[in-house]
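Protein chains in written order, with this note's numbering: chain A, 1 to 404; chain B, 1 to 404; chain C, 1 to 146; chain D, 1 to 146.
Note that these hints are calculated values from the structure, not bench results.
All of these numbers come straight from a predicted model, not from anything done at the bench.
Yeah, the Cβ is synthetic: ideal placement off N, Cα and C, and Gly gets one too.
Take these hints with a grain of salt, some might be off.
[Stated by the list, open to error] Restraint ranges, calculated between C-beta atoms of paired labels, are given here:
#1 A:ASP266 <-> D:GLY108: 31 to 39 Å
#2 D:SER62 <-> A:LYS136: 49 to 57 Å
#3 B:LYS211 <-> D:GLU100: 54 to 62 Å
#4 C:ASN82 <-> A:LYS20: 31 to 39 Å
#5 D:ASP14 <-> B:HIS189: 56 to 64 Å
#6 A:GLN69 <-> B:PRO106: 37 to 45 Å
#7 C:GLU100 <-> B:ALA81: 18 to 26 Å
#8 A:GLY295 <-> B:ALA81: 51 to 59 Å
#9 B:ASP214 <-> C:GLU76: 45 to 53 Å
Below, each chain spelled out in residue letters.
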Amino acid sequence: MLFENIKDDFPILEQEINGKKLVYLDSAATTQKPTEVINSLNNYYTNNNSNIHRGVHTLSQRATKDYEQSRKIITKFIGAASSKEIVFVRGATEAINLIANSYVKPLLNKNDEIIISQMEHHANIVPWQMICEEKKAKLRIIPIDNNGELILEELNNLVNAKTKFISVNHVSNSLGTINPIDTIIKVAHQNNIRIMIDGAQAVQHLEIDMKKMDADFYCFSGHKIYAPTGIGVLYGKKELLEKMQPYQGGGDMIKSVTFEKTIYNDIPNRFEAGTPNISGAIALGEAIEYITQIGIHNITKYENDLLNYATSKLKKINEIKIIGEAKEKAGVISFVIDGIHPHDIGTILDSHGIAIRAGHHCTQPVMDFYNIPATARASFAIYNDKNDIDKLIEAIRKCIEVFS
Amino acid sequence: MLFENIKDDFPILEQEINGKKLVYLDSAATTQKPTEVINSLNNYYTNNNSNIHRGVHTLSQRATKDYEQSRKIITKFIGAASSKEIVFVRGATEAINLIANSYVKPLLNKNDEIIISQMEHHANIVPWQMICEEKKAKLRIIPIDNNGELILEELNNLVNAKTKFISVNHVSNSLGTINPIDTIIKVAHQNNIRIMIDGAQAVQHLEIDMKKMDADFYCFSGHKIYAPTGIGVLYGKKELLEKMQPYQGGGDMIKSVTFEKTIYNDIPNRFEAGTPNISGAIALGEAIEYITQIGIHNITKYENDLLNYATSKLKKINEIKIIGEAKEKAGVISFVIDGIHPHDIGTILDSHGIAIRAGHHCTQPVMDFYNIPATARASFAIYNDKNDIDKLIEAIRKCIEVFS
Amino acid sequence: MNKWDDLYLEVILDHNKNPRNNHKLEKHTHHADGHNPLCGDRVSINILMDGETVKEVSFTGSGCAISTASASILTETIKNKNRTEIKNLFNDFHNLVTSENEVEKKLGKLAIFEGVKKYPARVKCATLSWHALMAALEGEKEITTE
Amino acid sequence: MNKWDDLYLEVILDHNKNPRNNHKLEKHTHHADGHNPLCGDRVSINILMDGETVKEVSFTGSGCAISTASASILTETIKNKNRTEIKNLFNDFHNLVTSENEVEKKLGKLAIFEGVKKYPARVKCATLSWHALMAALEGEKEITTE
Ligand SMILES: Cc1ncc(COP(=O)(O)O)c(C=O)c1O
Ligand SMILES: Cc1ncc(COP(=O)(O)O)c(C=O)c1O
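Looking at chain A on its own, in the form it has when it is part of the complex (with noise of 0.2 Å):
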C-alpha cells in the first residue's frame, strides 16, 4: 500500500506531544515537510547556495538552473501552456495581491464591481475590498446555502456590464467544499469577464490542468503543499501576464534602468523584483515531484477515504455538529460541539497530542452566516491515517466528558 509507511517520510511527526504521539490534523494551516523537502534546503545551502541570474560562476549557473528547473516541474504539474506563465511569489496572500494590482486595479472605474463568493478567505476578499475602496468601486458576494455550498443561480443575477473580474476559492479552507470552478469560468467567460482561482486549498488535494480548466489567473501557497514557508505560485495566462504592469520594483524584473526610462524585463521575471525565496522555490519543485510519484489521484482518493470515515464517526456524536456538508469536499473537517468553545476544544485535543486548529480559519464571513464565533477543523493530508481519527473521536469524547 501506497500511503501504508508514509508516515516515516515525515520526520516531525516522530515526536511526542504531551506524552502522546502527535497526531497532526492541521495541514490546512500547514502541511509537514518530507525529509526529501528539508534535505533539498539542506543541499541547497550547503552546496549550491547562490544569488541566481546574474552570476557567470558554477554556484550561480547551478542555483539559477535549479530554480528554473522547479518552475518547469511547476509548469508540468499544472499543465500550464509553458513555464513563461508561472510566477514566484511568497503565497496565494501575494499572488491575490498581485493581480489585485496589476490586473484588476487598471482596469476599474467607480461604480464597477468585482464578485467574490460568502466562502473566500481573508486574503480572496481584503485584496479586493482594498482596490474597490480606492476606485469607488463594488465588491459583490455569490452566498452559500446551509450545506457550505455557493448558491450558484445567484451568480448570473450578481453578473452584470459593470462586472469586470471574479475571483473564487477551487476549495473553501474553512468548508472543506470543492468548488464547481468550471461552471463558474464558463460563466465568467460566455460574459468576457475575467477570473482568478485560489487554489490554496486545491493543488495539494486534487489534479488539475490549467490548459482544461482555462482560469485566467490560478494560485497556491507552497507551504501547503509539502513545501516550505514563503514560496508560492502565480499562474496567469501569458497574454495576459504580458500586458500587466509589474507590482514590485526592483533587481530583475527590469531589462535596462536609466533615470529617464527603465525598460521592464519579459514575464515571468517582470513580476519577480529582487532577490527571490530561491531555496523555497526550489524546495517546492521537491515537495511537487514528491507527491508526483505518490500521484495525485491516489491522493484525492486516500484523502476522500479518510474524509468520509471521519466524517460518520463524528455523525456519530450527539452532541457534535459538522459545519459544511458539501456533496463535494476535500480533506476539511469544521465542527462545534454544544456548549464547548472551539478554543477549549482545541486547547484539551493538544493535551492529547492531536494539533486541530480552533478559530475563524481567516474566513470570517463564514462564521457569522452560520452565527458562530469559530470552529474547530480538523483537515487532512497523506500522512494521515484511521488510526487517527480513531484517536481524534476518543479525544473528543473525553473532551465532552469534561464539560458535562
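Please build the complex by placing chains B, C and D with the ligands on the supplied structure of chain A, with the hints as guidance.
For chains B, C and D with the ligands alone, kept in the frame of chain A given last:
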C-alpha cells in the same frame, strides 16, 4: 584568533569547483550560511513546523514563539525602540516597494519630488520611478564624483518645498562606498523630510543603531547577512508605521473582516499579510545571533583589513582600474581590466574555483557614469582571508596573460 | 492526571457552567466591552462604584471556558475592593499568567489560572475581562485584544 | 590544461583580438542591432545581399571575447551563403551551444564554440550576433536578449 577557523562554520566552502577549493568572493550578491542557520531550518521543519499566531496547539505555539523571538533579536540588533517597529518582508526590494506604496505614494502630488542618489541599486530606483510616473512626480538625483562618493553639497540644492521623501543606500553594492547617512538624515529632518536608508549592504559589515541614526525607515535582506533567501526586514518608526495604510491584504493583517467593513490589525502585523516565511524569519534570528557572538565591530575591523590588503595588491597590477575609491568603503571592490570584458574575467576566475560577480550589479546608472558596460566585483565576508585574496590576484594575473 | 487538568480545573469548569454575576446591572456607574476578534470572545463588564469602592459588578458575554470562568471569578474577587487594590490585583494576575517566574501566591482563587501560562495562545482568554475591567474603571468604553 | 581552455581557445582569443570584418558597411541592404542589456554587449550586423545570397557582411560593437569572436567568425562563415543555408547554420549553431546532446560536427570553425555549453550564463554571448543576423535577414531593426 576569532576568524582563524571560521571557514569550518560554512560547509559550502569545503567543496572544490573545477578542481580547486572554492574561493567565494560574491558575498555582496548573497552570503553563504553557517551551520547554525542551516540547522535552524532543519530543526524548524523536523520539530516545530506549524502556521503561526492563530493556533492553540503546541507546534503552533512553538512556531509563534520562535518567530516573535526572532523579531526581538532583530530589534536589539539594530537598536530599534520596540519590536513593533520590525516588519518581516521578503527582502530589501519588498521593503522599499512597501514604503513607496504605503507611505510615500499617498503623500505625493503632481510635481512633487523624491530624492535618491546616482549610486542606488535598481531596488532603490525603480519603485520610486513607478510611483513618480503614477503621480506625475519627479525623481531627483544626488550625483557622485569620480571616487564614487556622493557630492553632498548638491543635496542642499536639491532639497526644496516640493521634496516629499529621500531614499539612499547606506553602503553601495557596486562601489563599496559607505555614505555619510548621518549628515543626509540631518539635512532631511532639518527640512522636515522623511528618509529611508537602504541598508542591504551595511548591516552585515557595520554596527547600526536606529535610535542614534534616527532614520525614519531602514531595511535589509536576510540572505546578505548569513540568513536564508526570502526573508528581510523593514524597520519603521512606530508613529509612522501606525499611520500607514497596509500594503497587501489578507490573513493576519486584519482585526476583523465583514464585507461592509474590515478593521486592520496593529503594527507590525498590519504589514505581514498571509503566511510569512516563518522558517526564514527564525533562521534570520539565528544568523544574527551568530554574528553578534563574533561581534560586529570585530567583523568591521577584520573585513576592513581584507579590503585594504586586496586593494593594495590589485593596485600593483597595471592593467587594473578600481572603480570606486571612496575614503570610507566596506567589503566590496569593483574593477575593470584593460581589454578584457568583465564576463570573461568572471568565467576565467571561475575555472580557478574563484567566484566573483561580473555585470552591472543592478546599478546601471553607476556604469553609465563611468561609461563602462560592467565591472568585475570581488566582495568579502567574514569567511574570507588573505589567502583567498592571494588566489584572486594570481588568477587575475593568469587571466591577463591569456588575453595578452 | 492529564496535563489539561492543570488548566481545566474543577473550579474553572464549574464557573464556566454556572457563571456568577452573569447578568446586566440595572444601575451602574462604569461599563466597558472587551472583544477578542480573533476568537470571537466578547465580554461586557458593569460596575456600580461607591466612591472609590466597587459596590456591585456583573458581566455578560460569551466566550471559551477560560474567559467565562475568568470573568465570573473576577466579579467575585473585586467586589468591595477599591481602585488601588484592583489595580494591584490586575498586575499580579497579569504576572501570574504571563511571567515565566514563579509568582507569589497571594491571589487566592485567582491562582487557579496559573495553568494558562503553559498555553500562550490562551492567555488573552484569561485576561480579556480584566482588560475590560481596567478600561471600565478608566472610563473607556471598548477595548480589543488579540 | 586548464578547463577554461575549453572555452577560451586560441582561435577565439585571436578573433577577439583581431576581429574580422569589424567595420561599417557603406552599402548594405540589411541591418540589425543586437543588445544584451544584462551584460552590456552590443553588436550591429550589416549585410549586402545579392538576391538570396550574402555578398558582404560586417559587424561593429563591443562585448566580451565570446561575443566578439562569435560575431567575427559569423561574418567569415556566412559570406556567400544563401538564406536557407544560413538558417540551417543558425539552427545547428544554436543546438551546438545549448543542447545537452552531442552535436554532429558539420559546423567547421563554428564548432569551437561548443565549450560555451558548459557555461549557460555565457550562451547568450555566443548567440547574440546570430540573433541579430537573423533579425537583419527578417527585416527587424533591433533585438534584445538576456
Ligand atoms: C483558501 C485559502 N486562500 C488563501 C490562503 C492564504 O494563503 P497564504 O497564507 O499561504 O498566503 C489560504 C491559507 O490559509 C487559504 O486557505
Ligand atoms: C544596496 C542594495 N539594495 C537593495 C538590494 C536588493 O536586495 P534584494 O534583492 O535582497 O531584495 C541589494 C541587493 O543586491 C543591494 O545591494
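The hints, checked one at a time:
1. A hinted range of 31 to 39 Å for the beta carbons of ASP266 of chain A and GLY108 of chain D is consistent with their spacing of about 33 Å.
2. At about 53 Å, the CB distance of SER62 of chain D to LYS136 of chain A agrees with the hint of 49 to 57 Å.
3. Judged by the Cβ atoms, the range 54 to 62 Å given for LYS211 of chain B and GLU100 of chain D holds: they are separated by roughly 56 Å.
4. Look at ASN82 of chain C against LYS20 of chain A: about 47 Å separates their beta carbons, and that is not inside 31 to 39 Å.
5. Checked against the hint of 56 to 64 Å, the pair ASP14 of chain D and HIS189 of chain B passes, with Cβ atoms roughly 60 Å apart.
6. A hinted range of 37 to 45 Å for the beta carbons of GLN69 of chain A and PRO106 of chain B is consistent with their spacing of about 41 Å.
7. The given range of 18 to 26 Å is respected by GLU100 of chain C and ALA81 of chain B, whose C-beta atoms sit roughly 23 Å from each other.
8. With their beta carbons about 54 Å apart, GLY295 of chain A and ALA81 of chain B fall inside the hinted range of 51 to 59 Å.
9. Taking the beta carbon of each, ASP214 of chain B and GLU76 of chain C are about 51 Å apart, inside 45 to 53 Å as hinted.
Checked against the numbered hints above, the structure violates only hint 4.
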